[in-house]
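**Q** Two chains, each in its own frame: build the complex with the hints.
Chains D and X are the protein sequences, given in the same order. Quick note on numbering: the first sequence equals residues 335 to 588 in the numbering used here. Quick note on numbering: the second sequence equals residues 3 to 260 in the numbering used here.
Just so you know, these hints were derived from the structure itself, not from any lab. None of the hints are false.
Mimicking BS3-like on lysine-lysine, the simulated pairs with C-alpha atoms at most 30 Å apart in a straight line are:
1) D/K453 with D/K520
2) D/K446 with X/K45
3) D/K449 with X/K45
4) D/K520 with D/K449
5) D/K412 with D/K520
6) D/K523 with D/K540
7) D/K351 with D/K382
8) D/K396 with D/K345
9) D/K446 with D/K400
10) D/K382 with D/K520
11) D/K453 with X/K45
12) D/K467 with X/K45
13) D/K467 with D/K453
14) D/K560 with D/K520
15) D/K449 with D/K523
16) X/K11 with D/K350
17) D/K446 with D/K520
18) D/K412 with X/K45
19) X/K11 with D/K351
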Amino acid sequence: MSFIIEIENLKKSFGKKTILHEVSLNISPGESYVIIGGSGTGKSVLIKCILRLLDIDSGIVKINGKNVNDLPQSEMLKTLLRCGVLYQGGALFDSLNVIDNVSFGLVYGYRKSTKEAYKIAIDKLEAVDLDEKIAFSFPSELSGGMKKRVALARAIATDPDIIFFDEPTTGLDPITSGTINELIVKCTKEMGISALSITHDINSLKFISDRVGLLHGGRIIWEGSKGDLMTTDDPYVQQFITGSPIGPFTGKND
Amino acid sequence: MFVVRFLEKIGQVFISFLMAIGEITVFSYRSLSAGIRPPYYWKQIAQQSLQIGYFSLPVVGMTALFVGVAMALQCYLGFSEFTAETAIPSVVMIAMTRELGPVLTALMVAGRLGASMTAEIGTMMVTEQIDALTTLSVNSHKYLVFPRLLTGSLLLPFLVFVDDIIGILGGYLTGVYYLGFNSSNYIHNTFSSMSSQDVISGLIKGVVFGFTICLMGCYHGYSSQGGAEGVGRATTNSVVASSIMILLLDCILTFVLF
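Chain X with its partners taken away, still in its complex shape (with noise of 0.2 Å):
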């Protein structure tokens, strides 16, 4: 008995996992769809460009002097150990770009903004303001969830960017002011490892996470039921979700861009 009802339990999960997948896929399908069709809402877009590219940079950038100062600092510690500072520009450079840029960006994001969609959009919900919208005649999916998904896409990447440089000046600070390092040597050093591919597969993961992101906010948004507490689960969801999603795309998106 125990063994056909722990198969059970295994069962439901799996069928429950299954059909998110196909609620969250028919979600953004109806969003695109939607989306795509004008009347466009660029008001909708402007503000939501704002939210995403224009608050979003203090703790992106903040996020990004403080792991590249941290990373300078680490790799000092086991790099001289055999005589190797020198690779440390560029090690901080790679890492940065293809990997903590886009990465770090991405979970900041997840928690600044993923959490504050799904709570706006949660409650709109709750109170009736998303059946408001569609008896006003104005598809919900596209007024409100398009803007997200496309300002998200779009501007990932970008504070990926802007990260990725906050991170480089971090590195090259602690190296020349605190290491000692030679100022125009590691930015020789810096330079001549980055390969265009560094920058552009970080940018590439800017926006899959950007996309997922802003899917995860919408889509539990829309999953809120119940009220208060409703919303208050569904942004957690939101959140756990989004980070899970990130790591996993992350895995996924090194090996393709390897």
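So that you can see chain D by itself, here it is in the shape it has in the complex (with noise of 0.2 Å):
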């Protein structure tokens, strides 16, 4: 079976500190798989790794079948094109304007005509709800969930295999959060895409994901899909689920 992300002993340390350690796992296409765990336990160090954005120190990582860690630059921003990220803040530009962040990496990565990327743009922004009359606003003219929902659409824009969710819905109030996570599914169920998502929301963890995987320590210590999740009697997860400050989660290194 083939799958869009593969990762094996994925290796990753900070000076004498280790972060990651073998970490392993694959993603089939149109699946969701959503990694929880505590801060500091590498979630997003992980997605950086896969994304090459930060250099691994052994292991594999695969995207597509292709081993980033082999490609050269120019394969690798072409690789890159064909994934999606929600950064935790947004990370839209600030210099630019609503529309021109949607288009960005069409313009920049597919080298389309500023009108067809537009067009297209003015597509994912009513996709993810929003009215095309924002579409020449700057960022900092937005409310923290129309950034989300923006950050969205330029995710999508590109139509990627997989798109990499990082903490979508952190710093949202609950509404807004459950709006966000029904565009996080209708983008990936109806577009068939596949995503990569951390988060510490339970809510939003029960209504994106297809499968789970608890990271503790740098490892993956639990694995299993949504129902697995609330039925499981792993210490771990139990304490992750019920937020109890009791229990095998120390708090210290999590």
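**A** In structure tokens:
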């Protein structure tokens, strides 16, 4: 079976501190995989290692069957065009307006004309329930929820094969979080895009995941379906779901 | 023990210095090698040209005018003791074209643009906008750094040239309207002693200083870590490093072009 993401024994350290110890996971086409885990366990680092934004110490990372660490930079940039990323803070370009942000990958990555890229960008803004009236607003003029939607529109603008969601609902109120979750499901399921998400938000986890992995101590210590998550007696998962201060998570290095 | 610790400290500083030189060399190689290959980001180059070449003109012009005026007055104080006032136009001209023009322009641009480059790129770094550029299939060195290096290297000599003209004009206005020089004599004395080497050496300095300011601005922006405080620290380091590099390179280039 071919996987869209294949990770084998990925190891990443910063100085003497090892953040990821031999992490392995696979994501199938169309699947939504969610990684949960305490703060500082290396969830964001894992995404950055997959996208080669950080160099890994050892292991294999493949996107669409290509080992990203063997690719020359030009090939890597082409591979990244097939990936969308929704960053935790949105990471919208402050100096560009909404439509230029959304069409950025189309203009600079796919070398489409501005007119054609704008047309696609307007469609994507509509797909995330944003009015085209905001197309010429700047990110500083938008609310947190709107920024996330624009960032989601930018992530799906190039019709990627996989989208990475880095804590998509962090800092949003429950209603806006619910809306973002619905949009994530709409964009991934309707368009058949795979997703790798990291989140602390249990509601988001229940809503967007097909499969879940718990990252702790630099390893995926539990993996299962959304259904398994609610029935497992694994103490780490139980504590994470219930949010209890008593349990195997000490909070010191989680 | 104290001596060992002292030597260790010196060793650490020396190693850090060598590492920084290595990092800056790799950084500039990455940016130049990415930038010379197509596609070219003309819009970025045009925007940076405006920022560096056009919007720096007022501050550069004012600095040159004030320095030219002050130069002529100070020279008059010294030269009048030896009845050598006729040397004032050529001294002002040589000082402006060879030394003050390039150095003052570079220091003003380092303060104005080097700082803003570091702050802008640093903010992009800590808010993951540079990661976003990469994941949108754009080489950030090519998009952010190369246009700045190119326009800095090409347009700082232009600013130096403008600075030379305005500085010499400042000296002329002081000489003629305050010190009572004859206008045509002042102009004749200025240009009779001028050689193309004077202007060209200043312009060569401009190219080197322009590249250095933009390289320091971008490198420190990319080195920003840890939020607003980190960006602030990087901005300070950028301006300090640029200023020291400008004065050091000026010294070296003056020896080379002497």
